[in-house]
Structure formats: C-alpha cells, structure tokens
Amino acid sequence: MRVMPWLHCMRGVVGRELLRFLHQRSRFLAALVRPLVWLFVFAAGFRMALGVAMTEPYQTYILYEVYIVPGLVGMIQLFNGMQSSLSMVYDREMGSMRVLLVSPFPRWYLLVCKLLASTLVSVVQVYVFLAIAWVYGIQAPPMGYLWILPALLVTGFMVGALGLLLSTFVRQLENFAGVMNFVIFPMFFLSSALYPLWRLREGSYLVYQIAALNPFTQAVEMIRFALYERFNPEAILISLAVTLVLLALAILGYNPSRGLMARKGGGD
Amino acid sequence: MAADVPALEVSDLGFAYGEKPVLEAISLAIAAGEFVVLLGPNGAGKTTLFALITRLHDRRCGDIRIGGFDVRRQSVQAHARIGVVFQQPTLDLDLSVARNLAYHGALHGMSRREARRRAMAQLERVGLAEQQATRVRRLSGGQRRRVEIARGLLHEPRLLLLDEPTVGLDVASRRGLVDHAHRLCAEEGVAVLWATHLIDEVRPTDRVLVLHRGRLLADARAEDLTERLGVATLGDAFDRLTGEAPA
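As you go down the protein sequences, you meet chains A and B in turn.
Note that this note's numbering has the first sequence beginning at -1, numbered continuously upward.
Note that this note's numbering has the second sequence beginning at 23, numbered continuously upward.
Hint data in this document are derived by calculation from the structure and do not stem from the laboratory.
Where is the CB? At the ideal position from N, CA and C, for every residue including glycine.
Each statement offered as a hint is correct.
If you want a taste of the chain A side facing chain B, the calculated C-beta under 8 Å gives, among others: (1) Pro3; (2) Cys7; (3) Arg9; (4) Gly10; (5) Arg14; (6) His21; (7) Gly93; (8) Ser94; (9) Arg96; (10) Val97; (11) Leu99; (12) Val100; (13) Ser101; (14) Pro102.
Just a sample of chain A residues kept apart from chain B, beta carbon distances all over 10 Å, derived: (15) Thr58; (16) Met178; (17) Arg228.
Go ahead and model the full structure; you've got the sequences and the hints to work with.
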C-alpha cells in the first residue's frame, strides 16, 4: 500500500477545514468570545468568593481564574467538536460530505481525517484563547503550552466522535439548542471544569459522583496537568480509551443517508 | 480495463426507505464511451439510484459494478472510476475554483502538483482556465456547473454521473453542457449517465432509460422508442409509458 496518497487526502481535508475556518471570522469570534466571557466576567466575579486551595497539579494557592482556564479550553473543544460533527450530518455541510464520501479512500479514514481537521481548528482556537489569557496574566510554564498539544488532540477527537455518534442517534435535529441543553451543558457543568472535584463533593455527593464518571472531567484534568508539565496517567488512559471507543462507535454508526433522508423528507 | 467490461453494470437492484420501495428490480449496463439519459420525473428514484452507485446509501439488494469492480467489496477501485456531479451544488463558494479542484484532487490521493496540472487541463477544456483564481461565488450558475464537471473528471473516471446538472440554468448553458457531455463520450471514451426530467435534453440518437416510480419502463434509443410506440415525440412516448406527463 502506498502511503503518499493517504497523506495527500489527509492534507486536503485538513487544509480545506482550516481555510474555511479562516474565512468564517464570525465563527472564530463566537468561539473565542464564549470562553473569554467566562474568564473575564464569571471567573473575575467569583474571584472574591472562591479561591482554590492547593490542589494537584498546582504548587500553591491559586486564583479562581487560573483554575478555570483548562476547563475553558475543554469548553472550546467541546463546542467546536459538537458543532462541526453535527453540521457534517445535518447542515450546509451535507453537500461537501457527499464530495468527501465519493473519495475512493475507506469511509473510516475519511471520517478520521474530518475529525482531525475539526480538532486542529479547535486547537487553533485554544491557542489564541491561551495567548489572550497569558496577556491577561494567567501564565503557565512555557513548556506546558507544548505539553497540552497531545491532550488537545485526544480531547478534540473525543468530543468530535461523540458529536458524530450523537448524530446517528438523534433523528431530527432542528438546531443546536437541544444538544447544548442535553449534552454540552451537562458535560461541562458536571465536570471538574468549573470546580475541583473535592469542592463538588462538599456540595453534593451525587454531583461529585457524576462528575467523577464524566469523561470530560478526565479530559479537562489531562489538559490541566499537561499545562503544568505534569502527567496524569489516570486521566490520560481514561481519555484515550473513551476516545477510541467513541471513535469506533461513531464510525460504525455513521450513516450518510440519514442526513440525506432527513433533509429530503423521504427521498427522491 | 478490458473493452467489453461495462463502465457501469447494475443487476436486480432494489432499495426501500423503510417499507416504501424506491427502486425495484433495476438492471442496466452502460458501455465505455456511451451517453445514456436516465429520464424520469421528480421522485422517480434517479437520485436514489445515484446514491446507491456512489454508496451514499448502502442498504440495498442486487449488485452494482463499476468497470467490473463491485462497489461494496472493491469500493476503492470502484470509486476511483466514478466522477459525480450532484444535483445540489457542492462547490465551496468561498474558495477559488483552483482550491476547490485541489481539494478534490487530494481526496483522490493526488499530490498538489499533480492536482494543479490536471485542474488546469480540465479547466481549459471547459473554458474556465482564466477563472481559476476566482472565488466560486462570483461565477454564474452555468460556470459553476462546468467547474463541477471539471472536478468530476479530475481523477479521469471512466464513468461520469450527472444528476439533473442543468437545473436552474439558461437555455444556452444547458445546451453547452449537453454538448460537452456528448463530446466527453465521443472523444475520451467516458461513459456518461445523465439524469434529467427534461425531455428536450435528449437527442434522437441517445439511449434513454425511462425510470418511473422506481421501475425501469424502457431502455432504448430515443428514436427507436418513439417509432416502436408509434408516437411523434419522446414526450408522447413518455406519456404512453407512464400514463402521465413528465414535467
């Protein structure tokens, strides 16, 4: 098997996605404003009420804004992954999915390329967000910004595959709001993104348990530790395993005719 | 590919959405270099047939072979031999013509240079070489269709599927596209399956497949069909076969 054609295919899919992203400035802005509002408004407001005691991987007591950054990184990826995966099936993307799927490469490979592309788009968003946070004064060790890259790739695939999988279960998806209410918000709020697990435990044991089982918690912790140049083997292993399972299920369940039928209301 | 292997061979194909049959017992073969019109009203099953050939739908019975390759078991070889122009426009409007074609080339495993070389050659043939740097959004409907045909041919397929390619175009553009497709068959040996509901796109010498409510009602040259049915025009022949007007 020759490798080059496969790489050309991947380059094409990734390149197109990045190019489209650059053209859609409003999408970029929206993706950036969301976490920044959380950082500047929510976290700054909570700063007085909520300091975070010394907890791994932090070496000292930290401000709430510092704690929340990895969670917001996860949020950027969560939104981006859901949005691009669902649009692959239901949106304007339908037409271009047809173009993609008539490629002679196997369908699993095309979907992996597509998920990689949307993951890389989210990685760009994350780094711009981290740069703004840096200017604002939230600074991790320089090498930490390199350490998080693999963690971002895993998280991107995880949420992208989850979005793709959802699209095979949710029959008709009128808009993004349903997914936001029933998937994105629960995943985000019932995780360690906004509060450390121990603090959730003080509040409600049930919430704590749900958050501990939430794979998004593991992804956020993986990012958090990586940002401070630390390994969290448990978070990494669980995140990787969840990603692989979701990816396999998403590929097996992906049915391009579903979006086609939904759109055509029965088909021609 | 051996000369006697059909570019497309469909045998006993059936497909249903749930309980509702969309295609039933479709069998047809298209030889290399042949121009075939798939004529049928909206809802006849044309798009579904194309979706099955390109494997967008997969739950079906029957066999589909492209250049002798089974689209399920040998999908890599089969897909490499099909070019498609979809009913709905699928170009990226915000990207240039060249970038749209480059993307398609990459999807077929071509290097940048190879894709660029082929894109230029195809664009020249459809008379759009000078527009290669133009954003697709700024092209006319007819030009966009020609870009899609250039794209469909970029990987030198042996079978080109066009699903109602002239919808929304003016008369001159429509005629231009029909002529172009015929030239492809005659000069390049590409087999073309042209789906339409517009009878005036059919030439007397074209082979016509009449598809109605998921069944193939006729497979003959247009002029032979009218003669056999003893009617003056293909429109009349269509009415006679289906018991209703096509469009």
